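Going line by line, the protein sequences match chains A and B.
Just so you know, the working numbering puts 201 at position 201 of the first sequence, and the rest follows in order with no gaps.
Just so you know, the working numbering puts 1199 at position 199 of the second sequence, and the rest follows in order with no gaps.
Since the hints were derived computationally from the structure, they do not count as laboratory data.
No incorrect hints appear here.
Restraint-style ranges between C-beta atoms, simulated for each label pair:
| no. | chain 1 | residue 1 | chain 2 | residue 2 | range |
| --- | --- | --- | --- | --- | --- |
| 1 | A | 140 | B | 1291 | 21 to 29 Å |
| 2 | B | 1307 | A | 121 | 26 to 34 Å |
| 3 | B | 1307 | A | 209 | 38 to 46 Å |
| 4 | A | 6 | B | 1307 | 28 to 36 Å |
| 5 | B | 1271 | A | 121 | 52 to 60 Å |
| 6 | A | 209 | B | 1017 | 49 to 57 Å |
| 7 | A | 80 | B | 1018 | 36 to 44 Å |
| 8 | B | 1307 | A | 186 | 34 to 42 Å |
| 9 | B | 1330 | A | 123 | 31 to 39 Å |
| 10 | B | 1291 | A | 179 | 31 to 39 Å |
| 11 | A | 221 | B | 1307 | 35 to 43 Å |
| 12 | A | 33 | B | 1017 | 50 to 58 Å |
| 13 | B | 1361 | A | 76 | 46 to 54 Å |
In silico PhoX-like pairs for lysine-lysine, Cα to Cα no more than 20 Å straight-line:
| no. | chain 1 | residue 1 | chain 2 | residue 2 |
| --- | --- | --- | --- | --- |
| 14 | A | 87 | A | 163 |
| 15 | A | 142 | B | 1010 |
| 16 | B | 1012 | A | 142 |
| 17 | B | 1144 | B | 1173 |
| 18 | B | 1241 | B | 1085 |
| 19 | B | 1067 | B | 1244 |
| 20 | B | 1203 | B | 1193 |
| 21 | B | 1143 | B | 1173 |
| 22 | B | 1007 | A | 142 |
Values in this document were obtained by computation on a predicted structure and should not be read as measured data.
The C-beta atom is built at its ideal place from N, Cα and C for all residues, glycine as well.
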Amino acid sequence: MSLTAEGLTKEFIRETKNTNRFTAVDNVSLTLDSGELTVLMGRSGSGKTTLLNMLSGLLEPSSGRVSYDGRSLYEMSDKQLSRLRNKHFGVIPQGQTAIHSLSVMENIMLPFALYGEGGAEDESYARELMERLDILQLEGAKPAELSGGELRRMAIARAVIRKPPVIFADEPTGDLDDENTIAVFDFLKALAGEGAAVLVVTHENDAKPYADKLLTMSSGRLNECE
Amino acid sequence: MKSLAVKNLKGKPVRTAVLILLSALLTAAVFGASVIVSSLRTGLGSLENRLGADIMVVPYEATTQKKFENIVLQGATGYFYMDNKRAEQVMQTEGIKQASAQYFLASTSSSCCSVAVQIIGFDPETDFTITPWVKKSYGSQLKKYDVVVGNDLNAFVGDSIQFFGVECHVAAKLERTGTSFDTAAFTNTETIKELINTSVVKKMNSVGDVDPDNAVSCLMINVAEGYTPEQVVNDINLHVKKVKAIRSEELISGVSQSLDGVCEVIGIMIAAVWLLGLVILILAFTMSINERRKEFAVLRVIGASRAGLAGIVLKEACLSCLLGSVVGAGIGLLVIIPFNGFIEQLMGLPFLLPGAGELVKYILAALALSVISGALAAAVSALRVSRIDTGVILRGDN
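In isolation and in its complexed conformation, chain A is listed as follows (with noise of 0.2 Å):
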């Protein structure tokens, strides 16, 4: 399995002084592979989301192209390309993206129920993940209930149910204590030890020791530290 951009520039129509447009992320290439953990710094508005939502199919390139197993990711309907997020991605957004009417066990599998899919082996390996994240306990409670780390681990749970080979994560740790942030790293590292290709996007450097690959961009643009 391998992803890979190239060339990827994300321009938005916004008014400022001189120009109309704002170049978020500027001719981009990179490639993320199998059983490494790659973390991308940079400090706020340097691009990193935007560069993290192009690649997983969340946001379409003025130019450049994602691939995935050889497929261009906007070459695909959106039929296709949904489907390939909720089975080969794992996306953990920022902040807290639970879903308040649903109970913890439900938001983990949301990415089954959405297509009608999971049954009794899923719903186990839901409680081994939960068992992982020390949050296997709150398997019926409501997110309301939560902590901000505990959402922060059910999301990264929800993120992982299906297996994916690949799997993005923004700024995962930006709200949690330093015993949650080492928790959500070691997760996340050992994710990457079981095969799968792991982006982490944050500024913070409690990352960087965890990191395969480190990144960083400033202004859009990516360089590469190590």
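Using the hints, position chain B against chain A.
Same frame as chain A, but now just chain B:
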């Protein structure tokens, strides 16, 4: 994604209850109003079927009474008489195929009468308007003191009922007509003449001295082939004094016009309520979807297609509207069935509920209309949700 839509509805009970309530009110209003219109039309149909005469002849002064049409057409309480000689003169008119006399009397609520109702006497030998209807409930010949009662009268076969101190026997109960006939009593000439006589003797007859053997209230006439009701009516009105001949159609058209007016108003109200309901549902869905933008962005992130997101919104809308419409139709039935007598009184028009099959059709139509309204109202939100910009929403909320 049906189960997800159900989970979403269950997970937000207040939001779901509000949507169901809105839909229930919309359905109850539309269903109730449609059944009322249908009942009025069925009532008029029943009246037309019941009438069965081309012409009615009544004493001239009767036409000045306020409720004259209702007395003759629907069996409302009231009475008047004309001399038998006039009736015989009328029957001499050319072009008459059948003619039969009817006698009216209203009982009172005083102790001499079991109940205050309109009593209509007819001659079973010549009658062609009441007999066919009575025959459906009672196949035998009415004997003296036998009465047949309307469907809404609180008297049953075998009961005794007293009019002006005269004990009568309930021989049959008629099927419902949706008119005042449902609270009237019918009897033969012999009995009604005795009742009229007793009312006169007891000084309870508002007309005063009436000789029952020399008086009739109304003549029902069918015209012979080759003649038109207009010709016969003109002939009677020209040659017989102190009577008024009226075409039945003319009488019915008054009721029919009032009914058309009422139906038009109700029709406009249905359209207005539906439009208002649709606008409220659009607003409710728009507000609900705006509140849930982040939720839909999350679903998109985990693999929902744009069409899939729109599908969730539409399914939630259809499910909640379907539930609401079932509740609404139930409310409509609970109001209309037990209170149909009250509605009939309030409107002063013939009112006959449609049969069970027809009611089921109205229920199904109301359910379909409600679900379609829900889908239409949610379509705008579904379109907006399908165009959601995931990145902007997730970032904007953090």
